[in-house]
Amino acid sequence: MPLVRISVDGGWSRERLGKLSDAIHRALVDAAKAPAEGKFQIVTEHAAGGIVHPPAFQGIPKTDGIVIVQITMNAGRAPEVKRGLYAALAANCLEAAGVEPDDLVVSLVEVPKENWSWGRGVMTYAPE
Amino acid sequence: MPLVRISVDGGWSRERLGKLSDAIHRALVDAAKAPAEGKFQIVTEHAAGGIVHPPAFQGIPKTDGIVIVQITMNAGRAPEVKRGLYAALAANCLEAAGVEPDDLVVSLVEVPKENWSWGRGVMTYAPE
Amino acid sequence: MPLVRISVDGGWSRERLGKLSDAIHRALVDAAKAPAEGKFQIVTEHAAGGIVHPPAFQGIPKTDGIVIVQITMNAGRAPEVKRGLYAALAANCLEAAGVEPDDLVVSLVEVPKENWSWGRGVMTYAPE
Numbered sequence: 079m080p081l082v083r084i085s086v087d088g089g090w091s092r093e094r095l096g097k098l099s100d101a102i103h104r105a106l107v108d109a110a111k112a113p114a115e116g117k118f119q120i121v122t123e124h125a126a127g128g129i130v131h132p133p134a135f136q137g138i139p140k141t142d143g144i145v146i147v148q149i150t151m152n153a154g155r156a157p158e159v160k161r162g163l164y165a166a167l168a169a170n171c172l173e174a175a176g177v178e179p180d181d182l183v184v185s186l187v188e189v190p191k192e193n194w195s196w197g198r199g200v201m202t203y204a205p206e
Numbered sequence: 079m080p081l082v083r084i085s086v087d088g089g090w091s092r093e094r095l096g097k098l099s100d101a102i103h104r105a106l107v108d109a110a111k112a113p114a115e116g117k118f119q120i121v122t123e124h125a126a127g128g129i130v131h132p133p134a135f136q137g138i139p140k141t142d143g144i145v146i147v148q149i150t151m152n153a154g155r156a157p158e159v160k161r162g163l164y165a166a167l168a169a170n171c172l173e174a175a176g177v178e179p180d181d182l183v184v185s186l187v188e189v190p191k192e193n194w195s196w197g198r199g200v201m202t203y204a205p206e
Numbered sequence: 079m080p081l082v083r084i085s086v087d088g089g090w091s092r093e094r095l096g097k098l099s100d101a102i103h104r105a106l107v108d109a110a111k112a113p114a115e116g117k118f119q120i121v122t123e124h125a126a127g128g129i130v131h132p133p134a135f136q137g138i139p140k141t142d143g144i145v146i147v148q149i150t151m152n153a154g155r156a157p158e159v160k161r162g163l164y165a166a167l168a169a170n171c172l173e174a175a176g177v178e179p180d181d182l183v184v185s186l187v188e189v190p191k192e193n194w195s196w197g198r199g200v201m202t203y204a205p206e
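Residue numbers (my numbering), protein chains in the order written: chain R, 79 to 206; chain B, 79 to 206; chain P, 79 to 206.
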């Protein structure tokens, strides 16, 4: 049930984007118990200049290979779970799509369960 | 005063996108008392592969006609109001733009009123 | 550490977009104590019809020169700080990029510090 926005610079192949997409979803399932069937992502390749980033932040270099992942998900995961999610995202994106862990930025936005409708005009997690 | 991000696959006509936009705004006004004059939306037609979705989620099929609506709005609406909003969104999008209710995904992100400036560099809902 | 999404209509020059980007970041640093080195932005020029806005909202006119800025940032800033941020954003965007203050819309989304990983798969603000 997370909704994931993935932003990269232009020039990625469809194949590599697919691997990135899978890698991110797998991390959510394995580390944060997101439902395996709930792979909803909005993947955007940005025009030149579309992603603005510094050369480094907090001592970690950033390149034009940067990947920004913003995840809207249900509130309630413990800090240890979030820590495990960040680690899994970095490991998976490196292994599957060659994303440098330095270049992976993750932002979580948490919402209550009543804030989703996954179809049919129904509040999915509290339908009646 | 909501800010609405609407994501669809490519290939929609301008006319149908306009109807979708109107249908979504009308649901917010009618079911969630959003101000009628406050129609602010960011509508994006995504490149092929830009919206990643499963064939079904929680038993509800999803097609490439999927419409993802993420609404940033003021906190404080009761669950019944949100339920009514989901229902109105689904009914309106079907009627006006032929969107299958199965294909309509809605995500709400709630913020306090002080988190908006609707112009002139002023905190709109608590200006002084 | 904020993540900033900036949306404009098409037709801006690269130079003017760069000035807008700088102006917005400077306001965050000066008025909201965001780290100077943490300039992370996703800047999107939308296709015609991509930004839907009314002719006016709450008595403030809106034109196709509209700039929508959605900032995800750490929670905890006082209302006075947010007020100062809105004012600084409007002043800077006018001065540097000629954006009418009427046309500047700002939306803040606040998250806890544990909701960020700025690289290396680590929870940046609470690493262990």
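Bear in mind the hints are in silico, worked out from the structure with no lab data behind them. A portion of the hints provided could be inaccurate.
[As the list claims (entries may be wrong)] Below, computed lysine-lysine pairings styled on DSBU-like, alpha-carbon distance capped at 30 Å:
#	chain 1	residue 1	chain 2	residue 2
1	P	97	P	191
2	B	117	R	111
3	R	111	B	140
4	R	117	R	97
5	P	140	P	191
6	R	140	B	117
7	P	140	B	117
8	P	111	P	97
9	R	117	P	191
10	B	191	R	97
11	B	97	P	117
12	R	140	R	117
13	R	97	P	191
14	P	111	B	140
15	B	97	P	97
16	B	97	P	140
17	B	97	R	117
18	B	140	B	117
19	P	97	R	191
20	B	97	P	111
21	B	140	P	191
22	R	111	R	191
23	P	191	R	140
24	P	140	R	140
Going down the list of hints, with the structure as the test:
The hinted pair formed by residue 97 of chain P and residue 191 of chain P meets the criterion: a straight-line CA distance of about 29 Å does not exceed 30 Å. The suggested pairing of residue 117 of chain B with residue 111 of chain R is violated, with an alpha-carbon distance near 36 Å, which exceeds 30 Å. Using a Cα cut-off of 30 Å, the hinted pair residue 111 of chain R and residue 140 of chain B holds, with the two alpha carbons roughly 22 Å apart. Straight-line distance between C-alpha atoms of residue 117 of chain R and residue 97 of chain R comes to about 13 Å, which keeps the hinted pair within the 30 Å bound.
Among the hinted pairs, residue 140 of chain P with residue 191 of chain P is inconsistent with the structure: their alpha-carbon atoms are about 34 Å apart, more than 30 Å. As the CA atoms of residue 140 of chain R and residue 117 of chain B are separated by approximately 37 Å, the hinted pair breaks the 30 Å bound. Straight-line distance between C-alpha atoms of residue 140 of chain P and residue 117 of chain B comes to about 11 Å, which keeps the hinted pair within the 30 Å bound. Only pairs whose Cα atoms come within 30 Å are accepted, and residue 111 of chain P paired with residue 97 of chain P is accepted, the gap being roughly 20 Å.
Between residue 117 of chain R and residue 191 of chain P, the direct Cα distance comes to roughly 26 Å. Compliance with the 30 Å bound is thereby established for this hinted pair. Taking the CA atoms of residue 191 of chain B and residue 97 of chain R, the gap is near 40 Å; set against the 30 Å cutoff, the hint is violated. For the hint pairing residue 97 of chain B with residue 117 of chain P, the CA-to-CA distance comes to about 37 Å; that exceeds 30 Å, so the pair is violated. For the proposed pair residue 140 of chain R and residue 117 of chain R, the alpha carbon gap of about 27 Å is at most 30 Å, so the pair holds.
At most 30 Å may separate the alpha-carbon atoms for a hinted pair to count; residue 97 of chain R and residue 191 of chain P meet this at roughly 29 Å. A hinted pair counts as satisfied when its Cα atoms are at most 30 Å apart, and residue 111 of chain P with residue 140 of chain B does not qualify at roughly 43 Å. Distance restraint check for residue 97 of chain B and residue 97 of chain P: the Cα-Cα separation of roughly 35 Å exceeds the 30 Å cut-off, and the hinted pair is therefore not satisfied. Distance restraint check for residue 97 of chain B and residue 140 of chain P: the Cα-Cα separation of roughly 21 Å lies within the 30 Å cut-off, and the hinted pair is therefore satisfied.
Restraint check for residue 97 of chain B and residue 117 of chain R: satisfied, since their Cα atoms lie roughly 28 Å apart, inside the 30 Å limit. Restraint check: the Cα-Cα separation between residue 140 of chain B and residue 117 of chain B comes to about 27 Å, which is no more than 30 Å; the hinted pair holds. Simply put, residue 97 of chain P and residue 191 of chain R have alpha-carbon atoms about 40 Å apart, too far for the 30 Å limit, and the pair is violated. The hinted pair formed by residue 97 of chain B and residue 111 of chain P fails the criterion: a straight-line CA distance of about 42 Å is larger than 30 Å.
Simply put, residue 140 of chain B and residue 191 of chain P have alpha-carbon atoms about 34 Å apart, too far for the 30 Å limit, and the pair is violated. With a C-alpha separation of about 15 Å, the suggested pairing of residue 111 of chain R with residue 191 of chain R holds against the 30 Å cut-off. Using a Cα cut-off of 30 Å, the hinted pair residue 191 of chain P and residue 140 of chain R holds, with the two alpha carbons roughly 20 Å apart. Under the criterion of a C-alpha separation no larger than 30 Å, the hint pairing residue 140 of chain P with residue 140 of chain R is inconsistent with the structure, at around 36 Å.
Violated hints, listed in ascending order, are 2, 5, 6, 10, 11, 14, 15, 19, 20, 21, 24; each of the other numbered hints is respected by the structure.
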